[in-house]
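So the protein lines, in turn, are chains A and B.
Just remember that the numbering used here sits 30 ahead of the position in the first sequence, which is counted from 1.
Just remember that the numbering used here sits 8 ahead of the position in the second sequence, which is counted from 1.
It cannot be assumed that every hint is accurate.
Cβ-Cβ distance ranges computed for the label pairs, FRET-style [unchecked claim]:
{"#": "1", "chain 1": "B", "residue 1": "THR174", "chain 2": "A", "residue 2": "ASP82", "range": "36 to 44 Å"}
{"#": "2", "chain 1": "B", "residue 1": "GLN128", "chain 2": "A", "residue 2": "PHE193", "range": "40 to 48 Å"}
{"#": "3", "chain 1": "B", "residue 1": "ASP163", "chain 2": "A", "residue 2": "ALA64", "range": "56 to 64 Å"}
{"#": "4", "chain 1": "A", "residue 1": "ASP161", "chain 2": "B", "residue 2": "HIS136", "range": "32 to 40 Å"}
{"#": "5", "chain 1": "B", "residue 1": "ASP163", "chain 2": "A", "residue 2": "LEU226", "range": "28 to 36 Å"}
{"#": "6", "chain 1": "B", "residue 1": "ASP127", "chain 2": "A", "residue 2": "ARG122", "range": "55 to 63 Å"}
Here are the computed lysine-lysine pairs in the BS3-like style, where the Cα-Cα straight-line distance is at most 30 Å [said to hold, decoys possible]:
{"#": "7", "chain 1": "B", "residue 1": "LYS124", "chain 2": "B", "residue 2": "LYS139"}
{"#": "8", "chain 1": "A", "residue 1": "LYS49", "chain 2": "B", "residue 2": "LYS144"}
{"#": "9", "chain 1": "A", "residue 1": "LYS49", "chain 2": "B", "residue 2": "LYS148"}
{"#": "10", "chain 1": "A", "residue 1": "LYS281", "chain 2": "B", "residue 2": "LYS87"}
{"#": "11", "chain 1": "A", "residue 1": "LYS48", "chain 2": "B", "residue 2": "LYS139"}
{"#": "12", "chain 1": "A", "residue 1": "LYS32", "chain 2": "B", "residue 2": "LYS27"}
{"#": "13", "chain 1": "A", "residue 1": "LYS48", "chain 2": "B", "residue 2": "LYS144"}
{"#": "14", "chain 1": "A", "residue 1": "LYS281", "chain 2": "B", "residue 2": "LYS15"}
{"#": "15", "chain 1": "A", "residue 1": "LYS281", "chain 2": "B", "residue 2": "LYS34"}
{"#": "16", "chain 1": "B", "residue 1": "LYS139", "chain 2": "A", "residue 2": "LYS281"}
{"#": "17", "chain 1": "B", "residue 1": "LYS148", "chain 2": "A", "residue 2": "LYS48"}
{"#": "18", "chain 1": "A", "residue 1": "LYS281", "chain 2": "B", "residue 2": "LYS78"}
Quick caveat, the hints were computed from the structure, so don't treat them as lab data.
Since the model is a prediction, treat every value here as computed from it, not as a measurement.
Cβ atoms here follow ideal geometry from the backbone N, Cα and C, with glycine treated the same way.
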Amino acid sequence: MKKMWLIGLNTFRESMRKKTLYIILIFALIVIGASKLFSFLTAEEELKMIKDVSFSAIEFFGALMAIFGSLYAISTEIERRTIYTLLTKPIRRSDFVLGKFFGVSMIVLINFILMTVFFIGLLFFKKSPPDLQVFKTLLLIFFELILISGITLALGTFTSDAFNIICSFFLYIVGHLTSYGKELVERTENIIVRGLTDMLYTLVPNYENFNIRDKIVVGLNVSWGYVGWTILYGILYLCIALYIALYFFEKREI
Amino acid sequence: MAIIETKNLTKHYILGKRKVVVGLEKVNLEVNEGEIFGILGPNGSGKTTCLKLLLGILFPTAGEAYIMGKPPHDVDMKKHVGFLPENPYYYDYLTGPELLQFYASLFSLEAQTAKKRIDQLLELVDLHNAKRLHLKHYSKGMLERIGLAASLINDPEILILDEPTTGLDPIGCRDTRNLLLQLKQQGKTILLSSHFLSEVERVCDRIAIFHRGYLLALGTLDGLNSQYQATNLEDLFVKTISSFDNQEAAKTGDVT
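Chain B with its partners taken away, still in its complex shape (with noise of 0.2 Å):
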C-alpha cells in the first residue's frame, strides 16, 4: 500500500522574464508502506525538489503529492513525519539536549515521554558525551546525528532523509545504514534522497533514478539491473543518466 504518493508531480522555476527551468518533471511516485526508498540522481537532477514538494515547503507547478493520503500542507499528517534536510543547520546556541527538547514541545510531546526519547535519542546517535556542548561547537557529522536524532523526536512512521550521510566518517556512515536497517524492521517507511550508490544499494528495497528533473527509472535494483542489463547500481546509474543526456543531445543536434 502506498504511504506517499506523487501523480504528475511538476515544479518549474521561472529565472527572470522568459527562462524556465524544470525542477521536477511530472513525477508518479508511489513509496510503500514499510519500505526503504531511494532516490538518486546528480546535483541539480530534482530529488531536493521532490522532498520539499511532498513536505509542502515548496508549491507544485502542477500535480499532486500525498502522504499517508493526506496533501503536503496537512498539519496532522505532519505528526507522523521526521525529516532530516541536506546539511542541517539548527540553532547554535543550544545544546542537543535543548534542540530535541524545543522540536519535542512542537510535537507536543508530554515532559516525562520527551526526556526519556532524547535520552534515547542521543544514545542511539552517540551523542550522549556531548549533552553540555553548544551546536556552534558540533562537527558536521555530530550536526548529522543530531539531526537525524531531531527527525526521530516523534517516533515517526515515516521518515524522509535527504543526503543523511553527508559530512559522515565510514563509521559514521555504517551506522547510520544499521540504524535505517533497524528502523525498517520496526515498520518505518523511509524515503532517502543520497549521492552515495553504495549506501542506497545496500539498504534500498526501491530506488528512483531523476535527471534534470525526470524520473528516468523506477522499481527494484535487481529488476532495474536486468531492465538495463546493467551489472551494478553504479552502472545502472551511469546508463539511465547517458542514455537520456543522448536523447537530449539528439533532440537539440548536439550529439556526441
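Chain A with its partners taken away, still in its complex shape (with noise of 0.2 Å):
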C-alpha cells in the first residue's frame, strides 16, 4: 500500500507539470466565469444558466483532465524507461498500475476542487448557496471522471496512445449515448440490432447515469438512494477497468 502510494505521489507530482492539465483547467474556469455573462436573463433564469453550464463545463473539462493524465501515465514512463528503474525495485505490476491510478485520481481530484470551488463562489458572490442537490450533482460528477481514468488507464497498459485517445473519447461519447441509443432502438424488431445495441450498453459504461444536472438545475430533487447505486454501479466499471489494466499489465513486456 505504501509503495502504491509513492507511485501515486509521483505520478501526481510528474503530471502537475504538464501545461496541458493547467490550459483545461484555464479554460474550465473561463467557461464557468462567463456563465455570469448571461445577466441580461432575469434572476432565476441566471442562477440556472449559471448551474447549468458550471456542471456542463466541470463534467467536460474534467473528462479531458482525466483523459490527458491517465493517457501518459504508464506511457510516459515506458517511452522514458524510467519504469525499468520503478519495475526492477521491490514492487509489484500491481502497486504500479494501481499507483498511477491513485496518481491520476489525485490530479483529478484537485482540479475538480479547483473548478468546483470557483464555481460554488459564483453562487455565492450570486446570493445563492448551493444546496445539497448541488453536492450530489458534483458528487456524480467526480465519480464519473473517476470511472474515465480509470478505463484510460486500462486501455493504455495494452494499446498505443494515439488509439487509447480515440478509444477513451469514443467510449466518453457513447457512454453518454447508449441510453438514448437504447431508447431508439427498442423501437426496431430488427434482433441483431437490438442484440448489439444491448451488447453496447452492457459493455460501454452508461455516463448519463451520472447525469442529474437536468434534474437539479430545474429544481428537482434526486434521491440519496439514487446517488448511491451510482455510484456502486461506477465502482463497479472502475473494478472491471482495473482489474484489466492488471491482467494486461501484469503480461506485458517492456
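Join these two chains into a complex; the hints should help.
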C-alpha cells in the first residue's frame, strides 16, 4: 500500500508539471466564469444558466483532464524508460498500476476541487448558496471522472497512445449516448440491431447515469438512494477497468 | 555457489506474422557469489535482453532464470538487487537527493538510514556538490553517476549494470572501475554488460561473449584466451564473433 502511494505521489507530482492540464483548467474556469455573462436574464434564469453551464464545464473539462492525465501515466514511464528503474525495485506490477491510478485520481480530484470552489464562489456571489442537490450533482460528476480515468488507464496498458485517445473519447461519447440509443432501438424489431445495442449498453458504462444536472437545474430533487446506486455502478465498472489494467500489465513486456 | 543462474534461457521476438528474431537462444549461465561477471557482445547480441529477462522486465520464450534461487518476478529477491539500466533516464524535475530518496522509499528504508546512505552515495559518485541541481540539468556522465548511486541505494548484494561507463569521461570510467573493485571486496556480486573491452578486461573475473542471441564463449579470460589461442580480450572477441559469423555464412552458403 505504501509503495502504491509513493508511485501515486510521484505520478501526481510529474503530471502537475504538464501544461496541458493547466490549459484545460484555465478554459474550464473561463467557461464557468462566462456563465455569469447572462445577466440580461431574470435572476432565477441566470442562476439556472450558471448551474447548467458550470456543471457541464466541470464534467467536460474534468473528463478532458481525466483522459489526458491517465493517457500518459504509464506510456511516459515506458517511453522514458524510467519504468526499468521502478519495476526492478521490490514493487509488484499491480502496485505500479494502482499507484498510477491513485496519482491520476489525485490530479482529477485537485482540478475538480478548483473548478468546484470557483463555481460555488460564483453561487455565493449571486447570493444563492449551494444546496445539497448541487453537491449530489458534483459528487456524481466526480465519480464519472474517476471512472473515465480508470478506463483510459486500462486502455493504456495494452494500446498505443493514439489508439487510446480515440477509444477513450469514443467511449466517453458513446457512454453518454447509449441510453438514448437504447430508447431508439427499442422501437425496432431487428434482433441483430437490438442485440448489438444491448451488448454495447452492457459493455460501455452509461455515463448518463451520472448526469443529474438537468433535474437539479430545474429544481427537482434526486434521492440519496439513486446517488448511492450510481456510485456503486461506477465502482463496479471501475473495478472491471482496473482488473483489465492489471491483467494486461502483468503480461506486458517492456 | 551460483547466485545468478539461467537454464536454457530463450527469448524470441515475433515481428510481423512470420518473422521471428532470436533475442537469446538457450543460454546457460552461472554467476558465482562475490565475482564480477562481464557480458560482452556487439550491439543486438542479447546482452540487455539477458539482463531484462533476469530482472523480469521481459518474459522468456523458454527456459528459466534465477537470482538467489528466486524467479525474476519475486519481489523479496529484488530487495537484494541493484540495477543500472543502459543510458538511464530519471524524473528530471527531481534533484539527485530527491531521486535517491524516492528509490530509498521504494526499498522501505528508514528515514535516517536513507539520509545517511544518500549522503554517502552522493559523496561516492562525486555529486555532493550538485545536490540542488535538478536532473534535467545533469550531463550524461552525471546521470550515469546518479544512476549508479541509485542502484546502490539498498546496499544490494547483487549489482546488475548495463553499460555503466557509457557517457563517462576517462576519469569517470576509472572511478567506476575502482568502485566496482571496491564493491567486490565488500563481497558484492556484479553482473556487468559492456561494450568496453578494456574495462571488462580489468575488472571481470569471468566473461561471457554473446552474439546474435547465442552464448559463444564463457569462462575466465586466461582460460578463454588459451582455448581460442587469443592474445588478449579484443583478439578473443574478434575471433569468437568471426568464427560464429563464418559458420552461419557457411550454413547459408554465403562464405566470405
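Margin query: Please check whether B:ASP127 and A:ARG122 have a Cβ separation lying inside 55 to 63 Å.
Written below: violated, 30 Å
Check: Given the proposed pairing of A:LYS281 with B:LYS34, does the C-alpha separation stay at or below 30 Å?
Finding: holds, 22 Å
Notebook entry, point to check: Would the pair A:LYS32 and B:LYS27 pass a check requiring their Cα atoms to be no farther apart than 30 Å?
Noted result: violated, 43 Å
Checklist line | Proposed proximity, B:LYS87 with A:LYS281 (alpha carbon, max 30 Å) | finding: holds, 22 Å
Notebook entry, point to check: Should the hint that B:THR174 and A:ASP82 are 36 to 44 Å apart at their CB atoms be regarded as holding?
Noted result: violated, 58 Å
Check: Is A:LYS281 close enough to B:LYS15, meaning Cα to Cα at most 30 Å?
Finding: Answer holds: A:LYS281 to B:LYS15 is near 21 Å, not above 30 Å.
Next item on the list: Verify the proposed pairing of B:LYS148 with A:LYS48, using a straight-line Cα cut of 30 Å.
Entry: holds, 24 Å
Note to self: With the threshold set at 30 Å, check whether the alpha-carbon distance from A:LYS49 to B:LYS148 stays at or below it.
What the structure shows: holds, 26 Å
Margin query: Does B:LYS139 sit within 30 Å of B:LYS124, going by the straight-line distance between their CA atoms?
Written below: The given pair, whose Cα atoms are some 14 Å apart, holds under the 30 Å limit.
Check: Given the hint that A:LYS49 pairs with B:LYS144, does the C-alpha gap stay at or below 30 Å?
Finding: holds, 17 Å
Check: Would the pair A:LYS48 and B:LYS144 pass a check requiring their Cα atoms to be no farther apart than 30 Å?
Finding: Judged against 30 Å, a Cα distance of about 15 Å means the pair holds.
Next item on the list: Could you check the hint for me, namely that A:ASP161 and B:HIS136 are 32 to 40 Å apart, CB to CB?
Entry: violated, 58 Å
Of the numbered hints given earlier, the model fails hints 1, 4, 5, 6, 12, 16; all others are met.
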